[in-house]
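Visitor: Mind docking chains B and S on chain G? Use the hints.
As you go down the protein sequences, you meet chains G, B and S in turn.
In terms of this note's numbering, the first sequence opens at residue 137 and continues consecutively.
In terms of this note's numbering, the second sequence opens at residue 74 and continues consecutively.
In terms of this note's numbering, the third sequence opens at residue 29 and continues consecutively.
Calculated directly from the structure, the hints in this document are not laboratory data.
Accuracy of the hints is not assured; some may be wrong.
[Unchecked claim] To give a feel for the contact side, a few chain S residues facing chain B, derived at Cβ under 7 Å:
#1 E115
#2 A118
#3 H121
#4 T122
#5 D127
#6 A130
#7 G186
#8 T190
[As the list claims (entries may be wrong)] Per the computed footprint, the stretches of chain G lying under chain B, defined by three or more beta-carbons under 8 Å from a beta-carbon of chain B, are:
#9 145-153
#10 302-311
#11 333-346
[What the hints assert, rightly or not] Simulated DEER-style distance windows between Cβ atoms:
#12 B:R110 - G:G278: 23 to 29 Å
#13 G:E380 - B:G107: 27 to 33 Å
#14 G:P339 - S:D146: 58 to 64 Å
#15 B:G107 - S:G211: 25 to 31 Å
These numbers come from a predicted model, not from an experiment.
Glycine included, every Cβ here is placed at the ideal spot set by N, Cα and C.
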Amino acid sequence: MSLRATARIAADADGSLPVLTSDGPLALRRTRAAVPGWTRVTVVGAMSAPLGGDRLAIETEVRDGARLRVDSAAATLALPGRSPEPAAYELRLRVGGDAVLRWLPEQLVSAHGSDLRVRTDVDLAPTARLVLREEQVLGRHGEPPGTLVSRLAVRRAGAPLLDQELAYGPGASGGWDGAAVLGGHRATGQLLVVDPAYEGAPPTARPLGESAALTPLAGPAVLVTAVAPDALALRRILDAALDELAPE
Amino acid sequence: MTASRSALLVLADGRFPAGGHAHSGGAEAAVKAGRIRDAAGLEAFCRGRLHTTGLTSAGLAAGAALGLDPYELDAAADARTPSPALRTAARRLGRQLIRAARAAWPGPELDALAAAFPRGAHQPVVLGVTARAAGLGPEDAAHCSAYETVGGPATAVVRLLGLDPYQATGVLARLAPEIDEVAARATAAARGGVGALPAASAPLLDITAEQHAAWPVRLFAS
Amino acid sequence: MHLDHGHTHHGAVSADAHRPDGTRRALRIGLGGPVGSGKTATVAALCRLLRDTLSLAVVTNDIYTREDAEFLLREAVLPPERIQAVETGACPHTAIRDDISANLEAVEELEDTVGPLDLILVESGGDNLTATFSRGLVDAQIFVIDVAGGDDIPRKGGPGVTTADLLVVNKTDLAPHVGSDLGRMARDAAEQRGDLPVAFTSLRSEEGVGPVADWVRERLAAWTAAPVPAA
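In isolation and in its complexed conformation, chain G is listed as follows (with noise of 0.2 Å):
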């Protein structure tokens, strides 16, 4: 049987937790945030979902002034289910005025023979922070990737700020492999950080070694890029670059 849930989070500025809805495999729990001040949210359960067919949401709203940290305790992994319909995750994501989020959660792997549909939509306010990471790994170890479709779409005030959609294996249009988007790589990610004080000043763009670019948005906001051999080079990456950008 395939299943929809959709767990809930609204954070408030007096650093409470008004929303914390779990739903199905989706389990939400309250955790000790590392900086006082910070209210933080770790998805628990999503281990072995989505399955094919499965729908799943996560809607996260930040109200104004508040600082929310969300992340995950272990990897999210794809897997084909009983149903020939792709598997489908939405994380929907408002932050309010001089609200912060970071999400920050674990690497999404797409094992071999499994189909979802990822969509990240987020809306921020015009003084509104963010950071927010995104780490794609294309089949578990040794194994070829099932499809993976995934669009990240942010707007700022209203406009557009960055729209991306990737598409990788077998399910995938052609040429996902070659030159122009992956090359052979096994885990791509992304950092962006939105922040207003960008506005006056971004950072300016850099390669990040071979396989990685710090780009300043049209927007204010800097987004990193990467592509890397497997998760933990992947992560290195984006480690570095959180730490220079966004340190908690």
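Guide: What follows is chains B and S alone, placed relative to chain G:
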């Protein structure tokens, strides 16, 4: 107005003086990194570029040809182009294209676009408005844009590797059915408005564009 | 918000002699010629000689991006904002003849950023004897060859030698050492070029570029004196 097949040939001609010859579409960086060594590497590169950047550009071009708001399209193009080197190249090429377009198909819409974007609009947006001015439809604009995303790298690799030009042309011919498919998808999406436009992207193209822009010596502008 | 369609804007036609504000744009002179004949050295010498009396800028078209531009920057012949490099995708002759859009962008950007200019020198990357500039890009062109390249070049002709508004035969000081016959070169050039002028130069001294500078000044006087054609 009936779309003129010959106008499409004029616009799609590699000799159309709009600056494309100085851009490799990321192929120069891929050649240097050893990711393109032969016709097979070129084909994989072009196929990947076609289904990512090509689809996204074709959608923007089709949208502009349909008469969608150029400001919204240009903002959508910015959001789909994280690399500043590629945004600069796209605007520069947009400005070069509008110069040629206004000489070829003078009209108020191109004049207005040039006045609204003195630093240049993203090239696919200009391409779509140019297609309108030439009496062409959204499918034509999408075809032209999709074809450019593979034609440019193929020409560049002939120059960079001394690749047999017959092999390079063979690559383009083999990609033709996929170019048609990408153009059709892009056009269908554009009919749904700016919000429905494709956003397919390619990590290596974005990463290597910044590496390429930092080289002190290079043959191609992008 | 949609674009208004009533607006008109200058600059659609490349050979237009106007700036967007209706004033006369800078005179554009192209310099072409084979590799190593001394194009960049000629540009550098012209800049040193003319920069005190004229407002000028340079556009380079390198085979390898920025090499010539960086030579000019190192030599400090002009402030860096007056030197622009155009990338040519390994085909400099395409950028100066078949698709001049990047060069037009560069000359217009120079006029926009450093203010009204009298003269812009557009230097081609070293190429073969057939490379000439489009009339849509430059108002006049100089073709630079040198005696060390062989004294039979004028006789062989080719569009550069035959049609350039000025033919410069450079490195005359080397003629005795490489066995080139300057008299023969002059006779052959006259035969190929009819009344079009030829200048013999040696850039070993500061004044060596004098005949070229004089020719440039004449062209500039004629350009300035001509009535601004109707837009």
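Visitor: The structure should be examined with respect to each hint, and the outcome stated for every one.
Guide: How the hints compare with the structure:
1. Annotation: interface hint on E115 (chain S) holds; nearest CB of chain B at approximately 4 Å, less than 7 Å.
2. For A118 (chain S), the suggested interface contact is upheld, since its CB lies about 4 Å from the closest CB of chain B, less than 7 Å.
3. With its C-beta approaching chain B no nearer than about 11 Å, H121 (chain S) sits outside the 7 Å limit, and its interface hint is violated.
4. Satisfaction of the interface hint for T122 (chain S) is found here, the shortest Cβ-Cβ separation to chain B being roughly 5 Å, below the 7 Å cut-off.
5. The interface hint given for D127 (chain S) holds, since its Cβ lies 4 Å from the closest Cβ of chain B, which is under the 7 Å cut-off.
6. Against a cut-off of 7 Å between C-beta atoms, the interface hint on A130 (chain S) holds, since the closest Cβ of chain B lies about 5 Å away.
7. The interface hint given for G186 (chain S) is violated, since its Cβ lies 22 Å from the closest Cβ of chain B, which is over the 7 Å cut-off.
8. Because the closest C-beta pair between T190 (chain S) and chain B is about 24 Å apart, greater than 7 Å, the hint is violated.
9. Against chain B, the region 145-153 of chain G contributes 0 residues with a C-beta closer than 8 Å to a partner C-beta. That does not satisfy the three-residue criterion, and the hint is violated.
10. Counting residues of the region 302-311 of chain G whose CB lies closer than 8 Å to any CB of chain B gives 6, so the stated coverage by that chain holds, three being the minimum.
11. Check result for the region 333-346 of chain G against chain B: holds, 4 residues qualifying (beta carbon to beta carbon below 8 Å, three or more required).
12. Judged by the Cβ atoms, the range 23 to 29 Å given for R110 (chain B) and G278 (chain G) holds: they are separated by roughly 26 Å.
13. Roughly 29 Å separates the CB atoms of E380 (chain G) and G107 (chain B), a value that falls within the hinted 27 to 33 Å.
14. Checked against the hint of 58 to 64 Å, the C-beta distance between P339 (chain G) and D146 (chain S) comes to roughly 40 Å, which is inconsistent with it.
15. Range check, G107 (chain B) to G211 (chain S): about 54 Å between beta-carbon atoms, so the 25 to 31 Å window is missed.
When the structure is compared with the earlier hints, violations turn up for hints 3, 7, 8, 9, 14 and 15 and for no others.
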